[in-house]
Every structure is written in C-alpha cells, then in structure tokens.
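Undergrad: Listed below are the residues making up each chain.
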Amino acid sequence: MDIHEYQAKERFRAAGIAVPPGEIATTPEEAESIASGYGGTVVVKAQVHSGGRGKAGGVKLAKDAAEAKEYATAILGMEINGLTVHKVLVTPAEDIDTEAYVGVLIDRKTQAATFMVSAEGGIDIEHVAHETPDLIRKLTVDPRYGILPHQAFWLANFLYDDPGLIKQASKMIAQLYDAFVNSGASMAEINPLITTPGGDVKAIDAKMTIDDSELFRRPDVTGMRDTSSEPPSETKAREAGLSYVKLDGDVGCCVNGAGLAMATMDLVKYYGGTPANFLDIGGSSNPDKVVAALEIITSDPNVKAILFNIFGGITRCDDVANGIVEATKRIHIKPPIVIRLTGTNEERALEILEEAGFPAYTSMDAVVEKAVQLARGAA
Amino acid sequence: MSIFVDSNTKLVVQGITGRDGSFHTRQTIEYGTAVVAGVTPGKGGQTFEGPNGEAVPIFNAMDEAVAETGANTSVIFVPPPFAAGAILEAADSGVDLVVAITEGVPVLDMARAHAFARDKGVRVLGPNCPGLISPGRAKVGILPGQIVTEGPIGLVSRSGTLTYEAVHQLTGAGLGQTTCVGIGGDPLIGTNFIDCLEAFEADPETKGVVMIGEIGGTDEQEAAAFVSAHMSKPVVGFIAGRTAPPGRRMGHAGAIISGSAGTAEEKMKAFEENGISVAERPADLVGLIQAALA
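So the sequences go chain by chain: A and B. First residue of the first sequence: 15, per the working numbering; consecutive thereafter. First residue of the second sequence: 1248, per the working numbering; consecutive thereafter.
No lab work stands behind these hints, which were simulated from the structure alone. Be a bit skeptical, because a hint or two may be false.
Simulated crosslink set (EDC-like; lysine to aspartate or glutamate; CA at most 20 Å straight-line) [claimed, not checked]:
hint, chain 1, residue 1, chain 2, residue 2
1, A, LYS123, B, GLU1445
2, A, LYS283, B, GLU1445
3, A, LYS221, A, GLU253
4, A, LYS123, B, GLU1469
5, A, LYS221, A, ASP121
6, A, LYS283, A, ASP379
7, A, LYS384, B, ASP1531
8, A, LYS69, A, ASP121
9, A, LYS123, B, GLU1513
Here are the simulated distance ranges between beta carbons [to be verified]:
hint, chain 1, residue 1, chain 2, residue 2, range
10, B, PRO1288, A, ARG158, 21 to 27 Å
11, B, GLU1296, A, GLU365, 47 to 53 Å
12, A, ARG158, B, GLY1289, 42 to 48 Å
13, A, GLN387, B, SER1479, 31 to 37 Å
14, B, GLY1279, A, ILE347, 39 to 45 Å
Treat the numbers as computed from the prediction; the structure is a model and nothing was measured. Built from N, CA and C at the ideal position, the CB exists for glycine as well.
Generate the whole structure from the sequences, applying the supplied hints.
TA: Right, dumping it as structure tokens:
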C-alpha cells in the first residue's frame, strides 16, 4: 500500500526525523490560509501516489499566499499519470545548500532491509544505480541487530565532509530505519535530504510503501489508505477479498491463482485480444465471491466478454460450476461468458454448465481464443 | 530419486487442527505420506484422525513432536500473524526442511526467520507456496496428488495453479515428474530457483527441468546464468506476466515490476541467452521439453 508524502512525513516526524512543517489543503482557499499562516515563500505539492509530480507541474514554489491559492487552483483536480489530485501539501520553502538521497527497502537478494545513499539528491535512484553505481553506497541491515551506530555513520560519511552534518545525518538514518520497521514498510525514502546554509540537515520529501501483509497489526497505518487514489472497482475487490487490478482491455478475466491469472492475460494478448483486468478469485467456490467478481468485472464498461479459467486442484470443479450458475442467476450479466474448468470432477462440472447454457471448455487455449473472438465481435 | 522429499519423509503438520491444516493433512495421508505428528499449542495429548482412522498424535510444541516421533520435515498451515514464529520454532526443532504454505506473512518477519533458519542450516520452502510433491513417494503441502505421475521431469515454479496447469499438460503427454516444487510468490523466499536446479542436476532420475517464473525480482535471471554455467540437463521455461503493468502487484506479493526491473521481457531474454527455450504459451512447454530430451 502506498501512502502520501504528508503521511510518510508524519511517520518520519514521529521517529524524530527533522521534517519542515506542512499542512494539507483540499481547496485553494485552505491553501491560501495555510500559506499566509507560514508567511513568506511556500511550496504547494500535489499529494498523489505517483512519481514525476514535479515534471507534471504538480509542485510549485509560491512567493506569497495569493500565489499559493493560484497554484492550488491549478493543481487540485489535475491528473498525474491517470490519478486525480485531491489534496495539496503546503509547506514553507527551505533554503537549500545541497541535496542527497537516503532510502531503505527490502532487498530480495540479501533478504533484508538495504540502505542506499547518494550525494546526488533529487534524482531517480534507479537511474543512478544503473549508470553510475559508484555514486551510491549500499548497506544490508542484519534484521537481528537493526542498523548499528557505526553503520549509520558509515553511510552518512559518504554524503558529507562536515562533522556536524555527518552527525545529524547518522542520527536521521537510524531514525529512518525505526520509521521503516515501525510502519511495516517495504520501502522508505528521503529524496532529497537537504542541507541548509545554516548547517541543518532536513528531509523535504518523503515516500513510503507499506507491506500489505503488515496491515492486520497496524491500524494506524491502515487508516492512511486513500481510496480516492484507486478505481472504485479495486476498493470493492479488496473488501470482497479478491485480488484485482484494472487494465484497459476488453476481455474480463476471472481466474483461480495469481500465476494462472497472469498466464491467462498473456494468452488473451497472444490470441490478439487485450485483457480488461487481473483477477484472482482464490480457491473458493463460494457463489458470493463469484457474484462479487462478476460485479467488479462488469462495472468496467469496456468489458465485451468474460472468461473464467479455473484449475480445480483442491477446489472441485463441480462446486465452482455450481457457484457460477448460482451467481449468474442472482445478477444479470450482459457480456457473453465462456468458462474453462479442468481438474477434479471436471466431467460433472461440464454437465452442470451445459445444462445452464454456458459454453464450457477444458482447454485454456480454446477458451481464451473464444473469449477474444466474442470481444471482437461485440466491439 | 527425487529432491527434498521422498519415501523417508516423516512429516509434522504445524497447525494440524485448523481448517486448511486438517483438510490437507487428510489429503497428504491419503497420498501415502507418513504424517507422524501434528502441533497445535494447547491441544497436546489429543489425536488427529486420518481418513482411514489413522491416529496422528498432537503435541503442544515442535521439540516434543520431533523428539517423540523423529519427524524430519515440517509443513506450516499457521495463520499469518503466527507463521514466522512457527518457522522459527520449526528451524530450532531439528527438522531438515520447513515448508511454509501460509500466505500474507509480514516481510520483515520473514527477513528475521530466513536469517535464523540459514544460521541453523535448515531449508525453508516458501512462504506463500503450494509445497512440493515427489510422485509416488511423498506429498508435502497442497499440490493435488491426482495430477502428477512418476517420470523424468523436474518442475520448479513460483506459482500454484499455473504449476498445476503445467503438470497437467506434462502428465497428459505422458511425461511424469521426479519432483514438482512450488517455491512461492513472496518477495523473500527460503528456497529459490537455483537451489532447486542444483538439486535436480544432482538427482540421477531427473532428465530435464521445467522452470516457471513470473514478473518481479531477478531470481529467474540469476537462475538462467546458473543453468548455462552449471547444468548439463536441458531446462525449458515459461514466464507469466508479460501483460502486467509496471508498479502493480499481480496477486502474489512478489509479482511486481519495480521501476524497469523484473519485467517478463528481461527474464525471457535471460532464459534465451542462456540456452533455456521459452514457451510462448503454457501449452508449448510439453513440445519444448520433448524436443530438449530427444
């Protein structure tokens, strides 16, 4: 789960990191009043779960409250990478001497939290790591000890020469690790970490991604979810316990298992179609889940055909067939449905589906090809 | 032969009295695997009844279960909040292999559990995996016994039902398996592709390997380099997720393209550059492995 910059900053402040003040505005008037409270130059920043906010015109320096209002008017409602901006953060502008990068993420290879720091701040760290790896210092944190003082110092020492700055940055790196662990994050980033002419080190931007598996034990973080930043269908899917990602094609997909669901989408493309979604219905044959899945898929007006691909291993195919028949009795579905069921009790399942008038298949290729044809015919 | 589990496997089920644990324990016993013990804290002294009236003793703790029964392998069906703790306990109990089925274990918990298990020299499979099956010998986890058959193919995959799909097609074409291993869809997993490839290379009965990857991370790319450097047996592959958008998690916690890293394209390219034939569709795997074995 992604959280907004202002939310990540709250987590950072709670860990003791020096973060300049800031307040959230949802209207231009609020932005104006916050800016006049601070006085002087402020930054108006779009709060949206996307990188490239600056490039998109979502971050502006305003010399006074009137200008803050003007920029907030432009930014609120703006679309950045398909996401609408509903909130802006208004924060006093800082005098910047230098910009650095400090980030920590779960690294698959070392199976541990790994820090990356660079004196090249305000940049795309992935690009730097690829082009000029010498400009990055990396450290793997042993999960049993956490980050040790000399390790934090070793990272800070790579960023600065001045002992005062190194001392502040060391402390901040340790605090960032605390914020990361205590938020159940999989990634936390300060980009840029600045130094001021007065010799202070401050975090002026913040980014954090939360491990979804942590949410059950972190109600404070779970409360930071912003459902306005995702399609309503994805919110509904999560509440129904389904794993769903909306795409922009026209073949609706309902599959059991994440790997098979991806392979099904790929096969739709192979046969010349485009998948409308990723949806993993899980191992359940519960009609309620099938109803929820069908409602979610058909809420997308682009969907021209719906395809079920179920491999009954543990799940019995006849149970799933009954679930589909039951679900389609409860709600009216306009696009044609084609179903592939194979595995345990598949013969019985095919009988059930044929009796109910559904075209049923046992081959994944055949059903996908058919769904693509139907979508094309309906288009 | 087979890898990791065989007819010497003596299994203890952690979470044997739960809904999933009890269901799959019955399936496992039905398949003929020796389930020697169950562990559910607070239910020690009771017994679990198998499908044919077998009485499996239940213990409060793993050390008792291992001491009393000589179990050498554990399978975990414990809910996510307690799963990492169950892995730590298993790794400390004297078993050689811990198979963690549970999905949704916090990644930071797993970082600690993996480090602990590595220090103890215990192999962890998973978490968030379907387990493994050596046809005719042992089944540990949730892979359905009826779709596999004995034969010369080793199969390793990050997915569950996509594995069933591939196994189903192999079995349908008369190509049986030595062992089918689901390594799991999480970002931090205990046993990776290379561990399985190494074991298949060393297993005299395995003649060829099918490797099924997906988007996210670089495990497949490293496995591809391992294949060309260290394997004499043919390997064919499939990668799921070529239509997946970047930055979105596709069901599995580990199935996400981060920035420009972990795409299906780069994985398929790594396979091809290292002599691993890549199937366009799951249905093409059979033809590729037949050609490689010919």
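Undergrad: Tell me the hint numbers this structure goes against, listed in increasing order.
TA: The structure breaks hints 2, 3, 8, 11, 12 and 13; every other hint is satisfied.
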